[in-house]
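Trainee: Listed below, chain by chain, are the residues.
Number of protein chains: 2
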Amino acid sequence: MGRVVVDVMPKPEILDPQGKAVANALPRLGLTGFTSVRQGKRFELEVDGPVTDEVLAAAREAAATVLSNPIIEDVVAVVDAASLDAVQGAQA
Amino acid sequence: MGRVVVDVMPKPEILDPQGKAVANALPRLGLTGFTSVRQGKRFELEVDGPVTDEVLAAAREAAATVLSNPIIEDVVAVVDAASLDAVQGAQA
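Order-wise, the sequence lines are chains B and F. Heads up, the first sequence is in the numbering used here, so the first residue is 18 and it goes up one at a time. Heads up, the second sequence is in the numbering used here, so the first residue is 18 and it goes up one at a time.
Next up, chain B with everything else stripped away, as it sits in the complex:
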C-alpha cells in the first residue's frame, strides 16, 4: 500500500494567527527557546499498490487545486518514506 504525504504551509509572508497563538502559549508553559511557530495542514493520500508516477502526478494536482490555496499557501507532495522503502525493497 502506497501513501503520498501532502504538506500545506502558510507562505512566509502570510500572517499565521494559529501559529502565533501557539508560539505565545509555549513560554507560559515553560517551553522556551522557540522563535517562531507556523501551523499548516498535512494530508495522507493512500493508494492500493505502489506510488507510480501517475499516482504522484494526480496527488500533485490534488495538492495544488483541492488541498491548498496557492495564493496564500505553499504545498509539497512527496511519497511517504515508509511506503518508498517498501517499494524499493520489492524492487531490490
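Worth flagging that the hints you see were computed from the coordinates, not collected in a lab. Heads up, the beta-carbon is just placed ideally off N, CA and C, and yes, glycines get one too. A couple of the hints might just be wrong.
DSBU-like cross-link-like pairs, simulated, lysine-lysine; straight-line CA separation at most 30 angstroms [claimed, not checked]:
hint, chain 1, residue 1, chain 2, residue 2
1, B, K37, F, K37
2, B, K37, F, K58
3, F, K58, F, K28
Examples of chain F residues toward chain B, derived with CB under 8 angstroms [stated by the list, open to error]:
hint, residue
4, F60
5, E78
6, I89
Calculated from the model, a selection of chain F residues having no Cβ within reach of chain B, i.e. all distances over 12 angstroms [unchecked claim]:
hint, residue
7, E30
8, L32
9, T82
10, P87
11, I88
On the provided structure of chain B, position chain F as indicated by the hints.
Mentor: Okay, now just chain F, sitting in the frame of chain B:
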C-alpha cells in the same frame, strides 16, 4: 537556524470527516485511485541555532501537551531534514 516539524494525525480508529470529504471530492474532479485520505496538522517550530537534544525534548513535550490531543491524535516530532543537513554539514 534549526527547525522541528511536528506532525499530528487523527488516530486510525478515529473518524476523520475532513479527510472523508476530501476523499469524496477527488473522484468528482477526475482524480481517481486514492483509497483513503486523512487530514491532520503540521507545525514548524523554529529555534535560533541547531536543534539540540534539549530543544527536541521541549518540542516533544509541546507536541504531546499543547499541539495534540493524545486521546484522538498521534503525534511525531522530528528534526526538519533541511536543518539536520545543515547541522551535520557544520559538524563534518
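Trainee: Now tell me if each hint is right for this structure.
Mentor: Here is how each hint holds up against the structure:
1. Proximity of B/K37 to F/K37 is assessed by CA-CA distance (about 29 angstroms); at most 30 angstroms being required, the pair is judged to hold.
2. For the suggested pair B/K37 and F/K58, the alpha carbons sit about 15 angstroms apart, so the restraint of at most 30 angstroms is met.
3. With a C-alpha separation of about 12 angstroms, the suggested pair F/K58 and F/K28 falls inside the 30 angstroms cut-off, and the hint holds.
4. Below 8 angstroms, beta-carbon pairs count as interface contacts, and F/F60 has one with chain B at about 5 angstroms; its hint therefore holds.
5. Taken as an interface hint, F/E78 checks out: its beta carbon lies about 6 angstroms from the nearest beta carbon of chain B, inside 8 angstroms.
6. At about 15 angstroms, the closest approach between the beta carbon of F/I89 and any beta carbon in chain B exceeds 8 angstroms, and the interface hint on this residue is violated.
7. Taking the minimum C-beta to C-beta distance to chain B, about 15 angstroms, the non-interface status of F/E30 holds against the 12 angstroms cut.
8. Every CB of chain B lies more than 12 angstroms from the CB of F/L32, the least distance being 15 angstroms, so the non-interface label holds.
9. A Cβ of chain B approaches the Cβ of F/T82 within 12 angstroms, the least distance being about 7 angstroms, so the stated non-interface status is violated.
10. Under the 12 angstroms C-beta cut-off, the non-interface status given to F/P87 relative to chain B holds; the minimum distance is some 16 angstroms.
11. Listed as a non-interface residue, F/I88 keeps its Cβ farther than 12 angstroms from every Cβ of chain B; the least gap is roughly 19 angstroms.
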